[in-house]
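Colleague: Put together the whole structure using the sequences plus the hints.
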Amino acid sequence: MSRSKHVLSSSLGKKVIMSLTGLFLCTFLVIHLIGNLQLFYNDQGKAFNDYAYFMTHFTPIKVISYLLYTFIVIHAVWALVVTIHNKKARPKGYAVFRGSANSAWSSRNMGILGTVLLVFIVTHMSNFWWKYHNDEVPYVEYRTDLNTNETKVTELVAGEFTDYVKYVDDEVEVIKAKDLYKQVAFAFKEWYLVAFYVISMVALSFHLVHGFKSAFQSLGLDHKKYIPFIRFLGIWIFAIAIPIGFAALPVYFYFFN
Amino acid sequence: MSGNMNLTLKVWRQKNEKTRGKFVTYQANDISPDMSFLEMLDVVNEDLVRKGEDPIYFDHDCREGICGMCSLHINGRAHGPKQGTTTCQLHMRSFHDGQTIVIEPWRAAAFPVIKDLAVDRTSFDRIQHAGGYVNVNTGGVPDANSIPIPKVVADEAFESATCIGCGACVAACKNASAMLFVSAKISQYTLLPQGQTERYSRAQAMVAQMDAEGFGSCTNTGACEAECPVGIKLTNIARMNREYLTAKFFKQEEAH
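Protein chains in written order, with this note's numbering: chain Z, 1 to 257; chain D, 1001 to 1256.
Hints may contain errors.
What the hints assert, rightly or not - In silico DSSO-like pairs for lysine-lysine, Cα to Cα no more than 27 Å straight-line:
hint, chain 1, residue 1, chain 2, residue 2
1, D, Lys1051, D, Lys1115
2, Z, Lys92, D, Lys1018
3, Z, Lys87, D, Lys1018
4, D, Lys1082, Z, Lys92
5, D, Lys1115, Z, Lys88
6, Z, Lys87, D, Lys1115
7, Z, Lys224, D, Lys1151
8, Z, Lys87, D, Lys1022
It should be emphasised that the hints constitute simulated quantities derived from the structure, not laboratory data. Bear in mind that the values here come from a model prediction, so they are computed numbers and not experimental data.
Modeller: What follows is the structure, encoded as structure tokens:
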């Protein structure tokens, strides 16, 4: 135990923690984005609200989500520990320091980008996660005729809703759920929130363009056979496709919904 | 002579480690573009000595880019504006007439200032002492090529071994991390058969010493690789991470 403790507190070990938690958060982004795609369905949120219930009530996913919250905290706290340690390594700075001549801007500003993302995560969770868990969202009922596949949507008032239900009664599928979809549509009517989300996704892009490939370097995974693939993944998937996918949603709701 | 330059130098002057330093401005007049940066400083110093002032202290030795003794952070960059050169290989033609040049010592907690621009880099020596060697039994001279080494491996080990230990990697790194230096030293032995016996204790011992000296953590900015006068590659750092983690999690050897 003392051996592994010493490993993780060493200059190399600190980066291993950053790298492993970071990569876990990267995989989460993929799952989150796939879930978000259901918001683009034109079904008044039926698929999405059903999915939101599943994600918050299926035990293995609940366990992973608490792991995720823990990893976000560890990633942020450890970043602070590493930054303080690194500042101590150069107590007296240079009068002139031309970092731009030898390194990418994103690689030198991971702390600032990470802080933007932390503020974003807190805002994002209070907008949706908190409201969903504390019954501050509207309720909705979907009645789908299984023969014609037509869905009737009615908003429920607080008294009419007790818990999520899904059943089929006389060829009609009934779902009663919390309407997170409506909350999303409502939130993204505000231009400043949309702007904040888009800016945060730009920060995410810069954070990942450095962070993703850097995580592999910190773990010692570097070989000319697979590094081009990791660089490709880091740039085109994590720094471009994923942030665009996330940013598209608030923009879509603001302009088209 | 035509083509000579007049320059303004802002030089860091500091009496010793204990005192606070400050920038002092000097004029360097009639400087030939064919001079090296150190020769330019020699000219300024001769002038200072003639005036009875204390000359500017700076490290130098071979003046041909081999020894790793010269340093200097020039206009915000380690070893000046050119890539792949030490300060002694930097010529004044890289600057222009009338330019202001800011000259600072390497800045790192592990590189305390001795005087002016000279810093104490013995922390690098102590890291080397911790494991940057191989133990060889004395005896008869072994036959040449008695241990086969693949060409690619020999080349890679040689490239790592070209590190001159100047400290530009630490100076250029925003975290004052010594990982490029330490990883090059670990790599040159790890890659070769002769280095296998102490392979895992070496990685642990050198990293532990690096941390004890107060160098920062690597954040993979790549500044060290870009500023390294001999072109040591970042892939060395990945190898060091691999060696260290393997040693800690999968091997019996302890740091000795």
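Colleague: If a hint holds in the structure, say so; if it does not, say that too.
Modeller: Structure-based check of all given hints:
| no. | hint | result |
| --- | --- | --- |
| 1 | D/Lys1051 to D/Lys1115 | holds (20 Å) |
| 2 | Z/Lys92 to D/Lys1018 | holds (13 Å) |
| 3 | Z/Lys87 to D/Lys1018 | holds (20 Å) |
| 4 | D/Lys1082 to Z/Lys92 | holds (24 Å) |
| 5 | D/Lys1115 to Z/Lys88 | holds (21 Å) |
| 6 | Z/Lys87 to D/Lys1115 | holds (23 Å) |
| 7 | Z/Lys224 to D/Lys1151 | holds (17 Å) |
| 8 | Z/Lys87 to D/Lys1022 | holds (21 Å) |
In summary, this structure violates none of the numbered hints.
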